[in-house]
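Protein chains in written order, with our numbering: chain A, 1 to 336; chain B, 1 to 297.
In case anyone wonders, no lab produced these hints; they're calculated from the structure.
One or more of the hints may lead you astray.
[What the hints assert, rightly or not] Listed next, the in silico SDA-like pairs over lysine to any residue satisfying Cα-Cα at most 20 Å (straight line):
#1 A:K135 x A:A103
#2 A:K133 x B:Q44
#3 B:K40 x B:R213
#4 B:K40 x A:G131
If you're wondering where the values come from, they're calculated on a predicted model, not measured in any experiment.
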Amino acid sequence: MTEATGHVVEARGVSKWFGETTALDAVDFTVTPGVVHGLLGPNGAGKTTLLSALFGLVLPDEGTLRLFGRTRAEAGPGWLDGVAGFVETPRFYPYLSGRRNLAVLAGLDGGDAAALIDQALERTGLAGARGRKVKGYSLGMRQRLGLAAAMLRRPRLLILDEPTNGMDPAGIRDLRTALRQLARDGVTVVLSSHNMTQVEEICDAVTVLHRGKIAFAGRLDAMRADAPDPVWRLRTGDDGAALEQARRSAGVKAERHDDGGLVVFAAQDPMDEYVLTLARDGVAIRGLELDVTPLESLFFQLTGEAGQPGETRQTPAGLFIPPARPDNVPVTEEVP
Amino acid sequence: MTLAADQWPAYAEPAAGPAGPSDPRQRSGTLVVWRLELAKLRGQWRVRAIALMCLVGPFVIVAGLNVQSATPGDTAFGQWVHTSGFAIPMVILGFGGQWLLPVGTAVVAGDIFSSEDHFGTWKTILTRSRSRGELFAGKFLAALTFATATMVLLIITDLLAGLLAGTQPVVGLGGQLVTASHATELVVVSWLSVIPPVLGFTALAIFTSVASRNSAVGIGVPVVLTLAFQVVTLIALPAWGQQVLLSTPFTAWHGFWEQPAYVGPFLYGLLTSAVWFTLCSAAAWLVFRRRTIGGAS
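Start from the sequences and build out the full structure, keeping to the hints where you can.
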């Protein structure tokens, strides 16, 4: 890594245009060693373009990119030494087996990569499918094969674009654990996602991209400090009484949800107090779930995904998106 | 199947250092890519089919000629196919040079770059330890290797099939009788003389493959051009016009069989093939070197 800045990844003023479309707009992006750094943003934010630029797949129109302190021109053919990962869904030759595909990639890498193939397949849970042609692999299996291909390079910087796409819950859990372990061992991980919850569980730092620009960059704990209240879904035996109680409770804001029940905006402690008060008042709590975490709320605000204040909507995945709020001041009154 | 998370760190040992071309112990990246591309080609059914055709095709033609009395009299050496085995490889070359050889090389060269676009694998191989230049050169060499290997295979099988049919002297294009030993030499030299235009078509197919990112276009354009060249030769073109066509060098071997023999068309054909080869190769590289691979999210 660079002596001067201590950054594994350093992008300064990087811009990229595809015709009339601005994919990246003077992006500054830095990643410190040994962290798991999340790159967040809605679809079309520029995440994949930025990751592609790191791999040299996309050449920036403006700005400077450094990996381990070296520009591409300075590093020459060794630009990607110590770097592994994938952008978008990992793609392989469908007419070759999983093992044969890794053999081709190991051949390109040279060194002892070929000796690691079987272990990589074993450790990504693909040992049983090593002889099957990749055209028969599921999306999750291709993601795993992409991770196996990354393993062959003994990376010091691992760049993963939406790595949990198509993975089953157990695979996602194991990947999170594995990436945390990698970071503890000094490997720097950059991963993109549009899922704030996943990023919260795994990342030390985040950069939020929105329409090609940086909307937020910093440590996750700093982001938490700026985050608005979480959003809860509450189902009670008497929603009218619950709404009335919310008006009287400090730090709690509630409104009816179109699908029934209530949407409650409140930090953890005021929410606990509110629920206990409802119980004491004889209002049955039939369901309570955390719908949107504070960081998700902030993410939606940063990326303008929340719509207008007071407006609620459903994402394609069915995730409830809270109304945008102009600030982080606790609200105690229902928005008309 | 679960990811064995606790076993990842064994792979991620930073001290082990990266593998890659910056390591002086590594072999040339171009040769590495070339070898891997050949391995990939061996896994493709179309390559196997072409190899099989080269291997058995001449023998099938000999068998076919043996069971019929008619001869392809309107082609060079066609009238001698029943009297000398040396006429058979030359008839095959006469037919093959028209379109079979360009099509054969285009099937592989027109697909070798665009198949990566089709499968979306550029971003897989370009994120490894090889530069664009090495990947380009390795793939280019693999396509040239396939074209050359196919030609060498055809020379051998054509000659063997001809020898199987008979080793009698053959009548040359100048009416002279050519002895068996000299005919063997001329058959080999004639077939070797079409390798330069075949390589020219290989470069053309590579350029169309790179520029179009589409295998159908990569293969189809050289084939259509081959046919177009044939049509154009029917027009009364001036001599220089004929000489710039990439199809013309395929007939340069006629001069070897004349009495006296002459090599002018062959030398012109060599130059024409070299120009096509150079221009198409350079254009392909210029397109490829700054290409954006995916990127828009």
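Starting from the hint list further up, note which numbers the structure goes against and sort them upward. No numbers; nothing is violated.
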